[in-house]
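Asker: Chain by chain, the residues:
There are 2 protein chains.
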Amino acid sequence: METANKKGTLISYRPDIKILDATMRDGGLVNNFRFSDEFVKDLYKANIEAGVDYMEFGYKASTDIFKEEDFGKWKFCKEDDIRAIVGDNSTNLKIAVMSDVGRTDYKRDIIDRKDSVIDMIRTATYIHQIPTAIEMIEDAKEKGYETTVNIMAISKVNEEDLNNGLELLCKSGVDCIYLVDSFGAFYPEQISKLSDKYLELGAKYNKTIGIHAHNNQQLAFANTIEALTHGVSLLDATVSGMGRGAGNCFMESLLGFLKNPKYNLTPVMDFVEKHILKMKAEGVVWGYDIPYLLTGVMNAHPSSAIQFLKEGRTDYSKYQQELIDEN
Amino acid sequence: METANKKGTLISYRPDIKILDATMRDGGLVNNFRFSDEFVKDLYKANIEAGVDYMEFGYKASTDIFKEEDFGKWKFCKEDDIRAIVGDNSTNLKIAVMSDVGRTDYKRDIIDRKDSVIDMIRTATYIHQIPTAIEMIEDAKEKGYETTVNIMAISKVNEEDLNNGLELLCKSGVDCIYLVDSFGAFYPEQISKLSDKYLELGAKYNKTIGIHAHNNQQLAFANTIEALTHGVSLLDATVSGMGRGAGNCFMESLLGFLKNPKYNLTPVMDFVEKHILKMKAEGVVWGYDIPYLLTGVMNAHPSSAIQFLKEGRTDYSKYQQELIDEN
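In order, the protein sequence lines correspond to chains G and W. Going by my numbering, the residue at position 322 of the first sequence is 1338; the numbering climbs one at a time, nothing skipped. Going by my numbering, the residue at position 56 of the second sequence is 1072; the numbering climbs one at a time, nothing skipped.
Warning: the hint list may mix true and false statements.
All copies of an identical chain are treated as equivalent in the list; a pair is satisfied when it fits inside any one copy or across any two copies.
[Said to hold, decoys possible] Heads up, simulated EDC-like pairs for lysine to aspartate or glutamate below, C-alpha to C-alpha not over 20 Å straight-line:
1. K1023 - E1205
2. K1094 - D1191
3. K1061 - D1331
4. K1290 - D1305
5. K1209 - E1162
6. K1334 - D1286
7. K1023 - D1135
8. K1110 - D1097
9. K1290 - D1331
10. K1094 - D1121
11. K1094 - E1162
12. K1022 - E1205
13. K1334 - E1065
14. K1326 - E1289
15. K1334 - D1058
16. K1294 - D1058
17. K1296 - D1331
18. K1094 - D1131
19. K1220 - E1298
Derived by calculation from the structure, the hints in this document are not laboratory data.
One chain only, chain G, in its complex shape (with noise of 0.2 Å):
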């Protein structure tokens, strides 16, 4: 029976699931990381009533790479900026911030947590950086900070550097390892098998498995519910699914679906009526559309379809040709 290495029904819950709100992060890349205060303390505030489990402020970029005028301050998530909001918090919500291989000055800009308001840091590599990764990982661990790594891109990774990546990981003092679909490439069959994998390297090394999907073909609450009922635990969203592109799996979808009794729908939709609806209609963009389809469809980085959407494009199959030369 297909329901065989499910965990968990419909109608119970696994306290072992977490929710990640990853609307600053994923979402700062649409509008640049320029969110108004007011918007950041509800988003805070709506969390801690909605019982989400941790959420991730933005990038923990270096100054020293991006001029801070180009960019809202999220991209930096300094310290004080995030005390502005959440002063020391006492609260159940854990905040996370992300960390890029490459794009961040883990010794000097991660302090020791003791020092720090932050709970968590968020490890984001690309295969042939994980070395990389692992050093920052270990750093911040040390620092003593729950650590996780998203593995980026691993649609286009061939199955044995996958593995070898992962034995690495594992290894390492990371906490959890992300399963990711960074292209919205993947179909739940294909999650099932991926969630498999890394749940049973998981299981060899005492490491939580996550998942972070996106929404190029309509499937990221599909791939994320996918990924749970195998036994993964630390799930993404994004309210309104905001996020580059076609966007992340919707925090309103998710806090239907799971049947914790702390998960509250409500003040999430109360979010979305006071500042989604009004950044929608001031010309923030995301969300499914045809061309993060072909994207995904394709295996391909959404950049060009960003773009053609940007230019008001609508010749969609003049673009479909594009990719394919381009791919």
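Got chain G; can you put chain W on it based on the hints?
Answerer: Only chain W this time, still in chain G's reference frame:
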């Protein structure tokens, strides 16, 4: 292994799989069947070029029950109106119409197939109407048509009644029985089990099985491909998901997924560029939104969500409470 009962692979194709375009029928519920002739002609051409197998033109509703001036002509699908678009339809695209139990004067309005350009009569029934549906199916069968049946709203039907209804239909002359998720309430793992149930009975009685999904939880495409990997073979989709409320499985997604060389996404994208973008700009509204998520999660008819959006309301939390009171 979970893949044990999967039919086919992601790289191969199954020649038994056929696509039905339900844009004008389910989409007609959005705009009261008021499609321009140019829209219908272009959709007909696009479907032919895309390799779509069936095109559903609308309902065969009785003009004794519904006033003709209240609807566009595709509510009634008169022979002459279809012929004005397709002539004698000397193409590989077959033509379907839907008959609702209790709303169609099938004895009068469905003529012999030899005199008609229609190929397939689709009967839509609630569980308690199945005996009447069977009379309609046998009538259509005798007149020479391919026949399908949709048992609607099965997410509200208990398992014993569903089993008994399916047995009755299996013993009728119907060619294909549809698994229908009227309220967009099912998750893929439920579709998986239901597909196996329908397919097992179908195999015993030599019926093919179809799927008609709704996108309340952004799962219409995921549920459609879940069903097809189990062996379901007649797949409903609509252009850009056009259909009542949250709409249906996107034709674009389905054509992007299927590997049969006869299918071609390009003409459908060209149709979207020419007609759907315009229709949306003119204010015709369908597709995923929070109120539809709520009716999906609560397994409720989308009518109150349609009303909520029509009134321009955005107080999602209050609506959620109203739904809880009413269900």
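Asker: Against this structure, judge whether each hint is valid.
Answerer: Okay, the hints, checked on the actual structure:
no.	hint	verdict
1	K1023 - E1205	both (16 Å within a copy, 12 Å between copies)
2	K1094 - D1191	neither (24 Å within a copy, 65 Å between copies)
3	K1061 - D1331	between (42 Å within a copy, 18 Å between copies)
4	K1290 - D1305	between (24 Å within a copy, 15 Å between copies)
5	K1209 - E1162	neither (27 Å within a copy, 39 Å between copies)
6	K1334 - D1286	between (40 Å within a copy, 10 Å between copies)
7	K1023 - D1135	neither (28 Å within a copy, 45 Å between copies)
8	K1110 - D1097	within (16 Å within a copy, 62 Å between copies)
9	K1290 - D1331	between (34 Å within a copy, 10 Å between copies)
10	K1094 - D1121	within (12 Å within a copy, 71 Å between copies)
11	K1094 - E1162	within (18 Å within a copy, 66 Å between copies)
12	K1022 - E1205	both (13 Å within a copy, 10 Å between copies)
13	K1334 - E1065	between (46 Å within a copy, 17 Å between copies)
14	K1326 - E1289	between (25 Å within a copy, 16 Å between copies)
15	K1334 - D1058	between (42 Å within a copy, 19 Å between copies)
16	K1294 - D1058	within (14 Å within a copy, 36 Å between copies)
17	K1296 - D1331	between (23 Å within a copy, 17 Å between copies)
18	K1094 - D1131	within (13 Å within a copy, 76 Å between copies)
19	K1220 - E1298	neither (49 Å within a copy, 57 Å between copies)
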